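Peer 1: Each chain, letter by letter, is given below.
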Amino acid sequence: MKRPAERCARTDAVLAVHLDGDFTTGDCTTGDCTTGETPSRRDGARAPDRLEGEADDAEWGWGFVCDESLQQHLVECTVCQLALQRARRLDAALAADAGRAVADHLAAATGPARSWDEFGRALVDRALEAGEAAEGAACGGSSSGAPCAGGAADRVDRHEAAQAVTSNDALAGAPAAPRSGALLAASLLIGALSMTWLLLFTGHPGAPDVSRAADLPAPPAAAPTAKAGADRASTAFPLEAARRFSQAREGEGDLAHAPSPEELAALVADRTATPTVRIHAGEQLLRSARAARRDAGTDAFLRALASCGDGTADERELLRALLPQLRNAPLTNQLLQRLQPLLGDEQRDPPDLDTTAALVVALRVGGDRLDAALRRLLRARTDLDTIVTHGLRCATRDDGGAHLLLACWQDRVAIGMQEDDPAAALHWFHGMTPAAFVTVRQVLESSRSAPERVRCLLALGCVGDASTTACLLANLRSGRRLEACAACAALATLPHTALRPLLPTARRDGARRSDDALLRLALCRAGLAEAVPWLAAMELSERQRQQLCEAPLTRFTEFVGWFREGGAFAD
Amino acid sequence: MTGPGDRIRDTAHLTDVPGTGSKPADMDLRVDKQARPTSLTDQERSWLLRAQAGDGAAFHQLLKPHLAGVLALARRYCRDPHWAEDLVQETLVRAFRGLPGFRGDAALRTWLFRILVRLAAEPQRWQRAQPGEPLGDLDVPDLLDVRAEQDAMARELQHRLDEAMERLTHRQRTALHLRAVEGMDYAAISAVLCCSQTAARMHVLEARRKVLARIQEHLDP
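Chain order of the listed sequences is A and B.
Going by the numbering used here, the residue at position 20 of the first sequence is 20; the numbering climbs one at a time, nothing skipped.
Going by the numbering used here, the residue at position 197 of the second sequence is 197; the numbering climbs one at a time, nothing skipped.
Chain A with its partners taken away, still in its complex shape:
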C-alpha cells in the first residue's frame, strides 16, 4: 500500500475514468494494461506542455489504460483513493460555488422577491432589444425611426432599440451624435465646470448648501421670449402659446391651434409662469411623447427639466410632479436612446446640449433601468463624472443617487482608476443632498462588504457638518482596522467646528489605545490648531508631517505607532 504523500502515475487515469466518465480511457485497446501510465509520463514529460500540439489518444497512451486494471488499482492505491475523494469534493465545491455566485447575483440584481424566471426573461429581453437595435443602427434607422430593410425593421419598431446602450456591437454601427449643438453643449459644460470651480473654492469642500445651487444653466432655447406680470397666479400667460394652450385645455379654442411641443417646452422652462401651468404643460408634453421618436419638443422639454433645480419651492414642485412620470416608458426608453451615442463615442467628445440634458434628467429620474444604464455609461466614460455629480445635486431622488454613486465608485476601484480614499469620496459625494447621506448611512449599517463600508465611511466625511461625527467616532472605535482608518480619514475632512467637541476625548491620556491615537491623527490631518502640540511632541520631520497629512489609509497603522510611541500622549 502506497503512502498518501506519494504520487501515483495512474491517478489521472483514475480520475478520468471514475470521476469524469472517460470511457475511451477505460477501453483496453491494446491488451497492455499493466501500467495505466502514459508513455510520455514514463519518459518524464509533462502532458500539459504538449497540449497545444493536439496529441491524440494513442500518442498519450490512454489506450493502454484498462478499466479492470484501474479498478483493481484503485482498491489497492491509497494515493488514488485520496485524490479521487479530493477531486470529488472539489467538483462539489465548484458546483456549490457556482450556484452560490448565481444566487448572489440574482439577489443583488433583483432582490430576493424575484424569481430566476423573471430575471432570465429580463436578460433575454434586454439582449433581444440590444440585438435588434444593433441591426437597426447598422442600417441607420434606429434612432430616427426610419424603416430598415427586411424583418429586422419590424422588430426595431416593436422594441424601440432603447437597450442598445448596453451593446457595444450596436454602438459600433450607431449613427454619431448630432454635432449641431456642439457649441451650446460646450458652453453648458463650461458652466458646469465653472460651478465645480466655485464649489471647490467657496468655503469648506463639504458644504452642501453651496453646491446645491449648482444646477445646469438654463439653455437659451428654453428661455421665455416675454416676461410675465408680477402676479404669478394670473392665468394671463405671457406667451401667445400659453394663451392657446390654456384655451385648448379648457376646450374653448381650436385644437388645431394648440401649442406645439416646442412652445409647451418653453412654458415648462418659463420660470415666470406659475408652477401649475408649467406642470400642466409638462404633462401635456409627456402625453404627446411617442416611443422611439425624437422630436424637438421632447428635446426642449428635457432641456427645461435639466435646467430646473431645487433652489425654489416652485421648481421643487415642478420636478416632484414631472420626474416620477418620466419613470414610465416610453420616455425612459427615449432617455436611454439619447444616452446611447455617448457609449459609442470613442473620441469622447463632450456631449451636445440635448444629450447632456437627457443625461441630467436620467440621473434625476433614477430607477433600476436608468441607473444600470448610467452605471454602464460611466464605466466607459469617465469624462462625464462632472455632469453626473452636478446632476445629482438636486433633491429629486429618494436615495439622493447614493446607490449609483457608490456603485460607480466601486467600478472605478475595480478597474484601478480610483482608490478607497478621501479624494475619491470628495469626487463622488461632494455637495450631495442630505438624502444621499441618509442612504449612505443605511448602506453602512446594512452592508456586509468591508470595502463598501469603507467607502460609506469616507463618503460620510463629505457631509460638511457635525451630524455624522458620532457615527464616524463609533466606527473609529469599532475594532475593524480598515474601517477605523476610513472613519479617521473621514473625520479629518469635517469642518473644524464639528471636530472641536472631540478635543476633550482626544486629550484623554488613558490606555493609549489605537482608537485614541486615530482620533488624534484625524484632528492633526484636519489641521486643528489645538493638535499642534501633539505634533511638536513627536518631533516629526517636515517630510513626516507631510506624510501624516497626505498618506493613504494603508499607512494609518504606522502613524498610530508614531502617536503611541512618539510622546504625543505626554500632554
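Quick caveat, the hints were computed from the structure, so don't treat them as lab data.
Hints should not be assumed to be uniformly reliable.
Unchecked claim - Not everything, but these chain B residues come out facing chain A in the computed CB check (under 7 Å):
| id | residue |
| --- | --- |
| 1 | H60 |
| 2 | L63 |
| 3 | K64 |
| 4 | P81 |
| 5 | R208 |
| 6 | K210 |
Unchecked claim - Here are the computed distance ranges between Cβ atoms for each label pair:
| id | chain 1 | residue 1 | chain 2 | residue 2 | range |
| --- | --- | --- | --- | --- | --- |
| 7 | B | T169 | A | Q85 | 20 to 30 Å |
| 8 | A | T386 | B | Q43 | 49 to 59 Å |
| 9 | B | R167 | A | R545 | 18 to 28 Å |
Stated by the list, open to error - Covered stretches of chain B, going by a simulated chain A footprint (3 or more residues, C-beta under 8 Å):
| id | segment |
| --- | --- |
| 10 | 156–163 |
| 11 | 175–187 |
Because the structure is a prediction, the values reported are computed rather than measured.
Positions of the beta carbon are idealized from the N, C-alpha and C atoms, including for glycine.
Position chain B against the provided structure of chain A, taking the given hints into account.
Peer 2: Using the frame of chain A, we list chain B on its own:
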C-alpha cells in the same frame, strides 16, 4: 430553470444515456456521464425555428434552461457581477444575431458556451474588471451562531476557490468549470474550447491538480 451545480445535487442524472458510452449499465456507479442530449429536441427545434423568425418568446424559451449556466460561467471570468452580466448579455446578443446560422446540429448549450468562451477570451473587454477586494474580511458574521460561522467558512472556501480558479489559464478554468459544474463530458468540452478531446481531458486534469494544490487543506475533512 436548470441551475449550475444541479448535476452534483441531482443524482438522477447519474444514469446512462443511450449512445453516449460503450459500457454496460452496471458500470454507471463509477461515472457521471453526459446526461444531456447533444442535439435539439423536437420542442427546442420548434422554438429555434420560431426564434429564427423573430419570435422573442421562443428565443427566451430556447435559452431559458441554459441561462443560469451561462451566468455561472460568466461569473467565473468576471468576479464583478455587473461585468459578468454584461458578458452574458453580449453573449445573448451574439447568439441572437447568429441564430439564423445555427442549424441545430450541435447542442444549443455547447453553442452558447462557445460564444461566451470566445467573448471572455478578449481580456481588454472582460478580464480587466477583477475587483481587488482583500480576502478574509469581506463578510463578518453578525451573530456568532453556528449558521453564521458555517456561512463564513463557506464564503472563505468560496473566496479561496475563486482565487485558485483565477490563477488558471483561460482554457483550464473553462474546462474545469464545464466539467465540474455543467457536467459536460470531454467531447462537449472539446467542442466548446475548439480543441481535441485529449487536450480537453488534460486541461481538466491539470486544472484540477492546480486548484487542489492550493485549496486541498480546505477540502479535507
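Peer 1: Against each hint, give a clear statement of whether it holds in the structure.
Peer 2: Right, here's what the structure says about each hint:
{"no.": "1", "hint": "H60", "verdict": "holds (4 Å)"}
{"no.": "2", "hint": "L63", "verdict": "holds (6 Å)"}
{"no.": "3", "hint": "K64", "verdict": "holds (6 Å)"}
{"no.": "4", "hint": "P81", "verdict": "holds (5 Å)"}
{"no.": "5", "hint": "R208", "verdict": "holds (6 Å)"}
{"no.": "6", "hint": "K210", "verdict": "violated (10 Å)"}
{"no.": "7", "hint": "B/T169 / A/Q85: 20 to 30 Å", "verdict": "holds (26 Å)"}
{"no.": "8", "hint": "A/T386 / B/Q43: 49 to 59 Å", "verdict": "holds (53 Å)"}
{"no.": "9", "hint": "B/R167 / A/R545: 18 to 28 Å", "verdict": "violated (42 Å)"}
{"no.": "10", "hint": "156–163", "verdict": "holds (count 4)"}
{"no.": "11", "hint": "175–187", "verdict": "holds (count 7)"}
Hints 6, 9, counting from the list given before, are not met by this structure.
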